[in-house]
Amino acid sequence: MSKTRNGNFFEDFRVGMKLRHATPRTLTEGDRSLYIGLTGSRAVLGTAETNARQLGFERRPLEDLLVFNTAFGKTVPDISLNAVANLGYAEVRFAAPVYPGDTLAVETEVIGLKENSSRKSGVVYVRSTARNQHGREVLGWIRWVMVHKRDHAAACGEAVVPVTQAAVPAEQLACDGYDARIADITTMTGVADLWDDYAVGERIHHPGAMTINDSDHSIATRLYQNTARAHFDGHAMAAGGGRRLVYGGHIISVCRALSYDGLENALSILAINGGSHVNPTHAGDTIACATQVVDKIDLGQRHVAGLRLRTIGVKNAGTQDIAFAEPGQGRPTHPPEVVLDLDYTIAMRSPGQFEHALLARAKADMVAAALANGIVPAHNVCLNLKDGDVVAADARRARHDFGFLRMWSIYPAQILPIVNAMRPDFTEVEDAAGILVAAQDADWGPIQYQGELHDRATYRYFWEVLEKAKVTGMTLPAEADQRFYGR
Amino acid sequence: MSKTRNGNFFEDFRVGMKLRHATPRTLTEGDRSLYIGLTGSRAVLGTAETNARQLGFERRPLEDLLVFNTAFGKTVPDISLNAVANLGYAEVRFAAPVYPGDTLAVETEVIGLKENSSRKSGVVYVRSTARNQHGREVLGWIRWVMVHKRDHAAACGEAVVPVTQAAVPAEQLACDGYDARIADITTMTGVADLWDDYAVGERIHHPGAMTINDSDHSIATRLYQNTARAHFDGHAMAAGGGRRLVYGGHIISVCRALSYDGLENALSILAINGGSHVNPTHAGDTIACATQVVDKIDLGQRHVAGLRLRTIGVKNAGTQDIAFAEPGQGRPTHPPEVVLDLDYTIAMRSPGQFEHALLARAKADMVAAALANGIVPAHNVCLNLKDGDVVAADARRARHDFGFLRMWSIYPAQILPIVNAMRPDFTEVEDAAGILVAAQDADWGPIQYQGELHDRATYRYFWEVLEKAKVTGMTLPAEADQRFYGR
Amino acid sequence: MSKTRNGNFFEDFRVGMKLRHATPRTLTEGDRSLYIGLTGSRAVLGTAETNARQLGFERRPLEDLLVFNTAFGKTVPDISLNAVANLGYAEVRFAAPVYPGDTLAVETEVIGLKENSSRKSGVVYVRSTARNQHGREVLGWIRWVMVHKRDHAAACGEAVVPVTQAAVPAEQLACDGYDARIADITTMTGVADLWDDYAVGERIHHPGAMTINDSDHSIATRLYQNTARAHFDGHAMAAGGGRRLVYGGHIISVCRALSYDGLENALSILAINGGSHVNPTHAGDTIACATQVVDKIDLGQRHVAGLRLRTIGVKNAGTQDIAFAEPGQGRPTHPPEVVLDLDYTIAMRSPGQFEHALLARAKADMVAAALANGIVPAHNVCLNLKDGDVVAADARRARHDFGFLRMWSIYPAQILPIVNAMRPDFTEVEDAAGILVAAQDADWGPIQYQGELHDRATYRYFWEVLEKAKVTGMTLPAEADQRFYGR
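Protein chains in written order, with the working numbering: chain P, 1 to 487; chain E, 1 to 487; chain X, 1 to 487.
A hint or two may mislead.
If several chains are the same, the list does not tell them apart, and a pair holds so long as it fits within one copy or across any two.
Taking lysine to aspartate or glutamate and the DMTMM-like style, the derived pairs with C-alpha atoms no more than 25 Å apart in a straight line are [what the hints assert, rightly or not]:
#1 Lys3 - Glu202
#2 Lys3 - Asp196
#3 Lys18 - Asp193
#4 Lys470 - Asp441
#5 Lys18 - Asp184
#6 Lys149 - Asp78
#7 Lys3 - Asp298
#8 Lys3 - Glu171
#9 Lys114 - Glu452
#10 Lys120 - Asp431
#11 Lys470 - Asp401
Simulated from the structure, these hints should not be mistaken for lab results.
Just chain P, same shape as in the assembly:
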């Protein structure tokens, strides 16, 4: 009848075992306020309702690492209460936004076990999944953790070590929900740097630093209902000659908050590819970090692309000495001041074909060449098949910003928005009609029309205008219609 809950030891786990963690947890605006108070998070989507709505969301989602730490905390009593160390993460995938009022329920499957040669402990590999109250997966992750054995003599099975991906591949990154409005983020942050402005290998210096206080990390860890004793039991830690450890997830949150400066337009985290808590942090330590751009990822999305980043956090040290050595197969060698080495992928606004400077130059060159050679410049297709507004916006930009006169459609629903956008506006058609009538009267010699000079170079353009007006069904001024189309 013992009610003593000592958690699971290494020999209690079996590969394939599933654990449903106690209990689901509802997150609210109160949790967000506390998260901001504990970390200083300034993430744009979480900071203001107005931000979220202007950027195309119905309301502001919760901060991604608040969600991660809450879900993670749920697994501690079953997985890592008897942990020696949390060794690593992989395939952490943020599948859907979580909103205030949502409830997270977390389940875990044991996917690997490997006893240590000392036979005193072993490594447990688990895959955990957090679902919202609608049963939708919002977060999934793999972690491996070294867990004590209760009985060193206990026999354990063959080692099963799962293969994990070095990085969550682009096709598994979930970043729906960003539409064209996401471009407005720069007006909120006041910073222009977008996806295009980050280069692989570039190093980003984050100027802030944050001293971790005892209450900061323990309030955070309690908020996540994480019960790992090393964070709370100062008496036992002192008896063992040590001090309470700061929960590693709090360090991730702090580094993410510090990394705002230099990554202001970062949207949500899409994935954590890997991470390790290289050295422990204690209260009183001051955390700082630097980030390197590891990769730029095309997500096959119209408005956002991925940046794979590596953020290294240090304690009580400047960030200028942080070395971004290539990660090998094993744990990278880090000096003792390094506390975190995190490899993750964020979403950021990609400028798109119209904003990218090189693409824009190419389009402009093409239009100029086409017109110079009497060819009608036709714009390439828009890949969006569903949203007429997107098609229309592309067509308008092609027409007005670049001078394209036609645009390819690849789907019936695209035709009308393109035709409407390409259709000249009525005053332009009136001008075209007036200019061409006057030109014909002048036998196609130079004329002056409303104070501007015109000749064959512009007649050619206005002829296109009139032609397009005609074929798109506009009513032409009577004189021009009669002269050039015989009605």
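Start from chain P and add chains E and X according to the hints.
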């Protein structure tokens, strides 16, 4: 015209005096988040909306000790601003759940006064009541506190010492609102231990421990708008050779949160029968606790029963040495590491007549004996007269889990649910008809029916099935109906 | 392509430059809870929904300094990231209440620049404005801050030093939204002191004191998304031989919370006229404060008036030695224990013409004199032209509390409420009729009526009653009507 608010001194109180405390306080989800962050509370009903709704609540109530500490804090400026020590609590009664958005207004009546022989101070006994915005009492308590005299020479009246109950009696414990759905709590906590699994005298070891940080307790105490100077004014405490004291209510909250492990299925606190802050706690101290089951209480409720518990909290010490000595009339003698001795009553799911192992065995024995002796086993009555679903659920369990063939009704509304539940399902009636027709053909000798052997032992059972189908109005298979009932 | 955000240095500012700060911030009940937890605020309007509604608000506004500190925090990355010191505030004007769910967007204009003679830094003067999501200004302020130069050799323009007001003038103080219901505040706080009870020059002793913990101030400062390094980077501060500084805005909040005792009925802050953080505060310091009433301000409002206050905060010292020296043009000389000198204006219930003791005495004298001389006492006008309830309430008080028999109207809409209020109630008319009929029968000699003695002194009064009933159109008892008015 002095605006200096120095609080009441012992000689300012009169028995019968009523005080309305400033000001009412609205509690919100923000307060809950902070409460979880400060204490690590994992109480099931407070942790998730989904939990609360599955367990039969419209939404999740606030944590009971958040309510208690908030209401208590309101009384401090009027009652204990000049306290020497908070001596004890009695008859703390949680009368109704409090929800986010509710506003607590608190009033106090002075019910006793006793000057100390030193004439420098005296004990003030008060009864306080917190009501919600609808005027409904949600919490009431008695406490007694030693308060300084302003003027040692002031004359004070005769001592009036109120008699308090040693424990809030069962009939005064309010635990409405729990229906049959409360049984689902075990699926949330993953722990099976319910009321029935706790024995009087049993000791529960709570494995966690929590170091109290300066900000933890002072944020909590400010959240409760408790203004007692000993918790906040470090300068004055140091001038007196001491240090800021941790508010005792925070220690109760921390011990309650730690006691989750071993009492996972505890529902709300119904009452605090008595409690004392045996020794002071300071920032840096690590709190741990153990609990003893003092009594098991029948609340006259269908779904929940009471557990009277005694939780003893210690600082900077293991819990294995905690001694649960019998409380005498006076203050129990505790070693210096003990900080809290709390006697309280919680609600917990009681298994009910079907879940209780001994009752279940008795029912099974009875059904077996009845059938063996040709008697139709009839189940005892269901006491619920109003809720047809409860009657039906009981009847179904009686029928399907135990094999009862009849059940007594004690109220007209019970008849239909019982008849429906007891009515055999149609496939069973078909089998009964087929088996009995074949048996008659075999002159009631053994037969084989759909690969199973049957003889008179089972014919008797299937005869009952057919009989019940007949009397409850089911249409029998024609052959059997014709042979045995002549139509 | 550098992403290093080092903030603006002195030579980066230009007079007239406008900065839109990143990013807007939505405040919620969660932020309020944390604000209460961090400061112990007990402000009446923020503490309970019931308070706010009874006092005439739809719901409870957010605490004024939560709004101020949040808005201020937004300006730090652009204005004071490279600050040497925050020198002062002026013209801080709280223009409209902010409610949970509101979003603040903050903009700043540089209004002055003055290089220091050392040429290593200069003073930047800015005017900042916070607007809510509807574009309405909720808060505006001027501050001046000493900012490092990046390049000491950089040439800077002529000094421009703006003239600021010594105090926000009454006509610029916004305190709409308080109606007659605000009088109920005294039933919430249990304290009777209102505007009228405070005297210019009076000193208010606030008994509380609060030790600042590391997490307290750093959580608060992060909640405000204030990124000033001196509050967070303990490592860098130690390297410079110092310690992290407590954000000055937190000290203002703490002093405001401590000042509740003695200023319980204070409503919102209307303005901060000026303020300076005289000496730094570090974690571990204990803050206490005292307040002096500087001025009493008629706001031209019916229900509230202004109190200009000066609150001086000290660290690790008693408040009895705080000296309220006259502020000169320059910074007042303060001893090293003073940390804050704040000059601000709050709104407080003004008793109004009926509650003010002197006015009430004058009214009573006037009625007595009028009646004694056979003159009908007529009450002066009510200035409210719009709200019939206010007019009616005034007329009822004039009639019932003071015995006025008429009241002047100055606007057609006032007539009906005045007539209704002045009209005697029916039982009084019945008594008047009965008494006068009996008196006439007794030939105006003394009579006894329902056990009370009456004579000419009271006949005169009852005649007025009957007359008023007649002229206001009431149906008189038949006998009296017939005798005295001939119908």
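So, going through the hints one by one against the coordinates:
Within a single copy, Lys3 and Glu202 get their C-alpha atoms only as close as 54 Å, which misses the 25 Å cut-off; across copies the closest is 10 Å, which meets it. For a Cα distance limit of 25 Å, the shortest separation of Lys3 from Asp196 across copies, 13 Å, qualifies, whereas the shortest one inside one copy, 58 Å, does not. Taking CA atoms no more than 25 Å apart as the test, Lys18 paired with Asp193 passes between copies only; the shortest distance there is 21 Å, against 44 Å inside one copy. Taking CA atoms no more than 25 Å apart as the test, Lys470 paired with Asp441 passes inside one copy only; the shortest distance there is 21 Å, against 94 Å between copies.
Taking the shortest Cα distances, Lys18 and Asp184 sit within 25 Å of each other only across copies (19 Å), while inside one copy they are farther apart (44 Å). Taking CA atoms no more than 25 Å apart as the test, Lys149 paired with Asp78 passes inside one copy only; the shortest distance there is 14 Å, against 54 Å between copies. In the homo-oligomer, the alpha carbons of Lys3 and Asp298 lie at most 25 Å apart only across protomers (22 Å), although the nearest pairing inside one protomer, at 53 Å, exceeds that limit. Taking the closest pair of Cα atoms, Lys3 and Glu171 never come within 25 Å of each other, the shortest separation being 46 Å inside a single copy and 29 Å across copies.
In this assembly of identical chains, Lys114 and Glu452 lie within 25 Å of each other by CA distance neither inside one copy nor across copies; the values are 83 Å within and 49 Å between. In this assembly of identical chains, Lys120 and Asp431 lie within 25 Å of each other by CA distance neither inside one copy nor across copies; the values are 88 Å within and 59 Å between. Proximity of Lys470 to Asp401 under the C-alpha cut-off of 25 Å is restricted to the intra-copy arrangement: shortest distance 22 Å within a copy versus 82 Å between copies.
Hints 8, 9, 10 from the list above are not met by this structure, while the remaining hints are.
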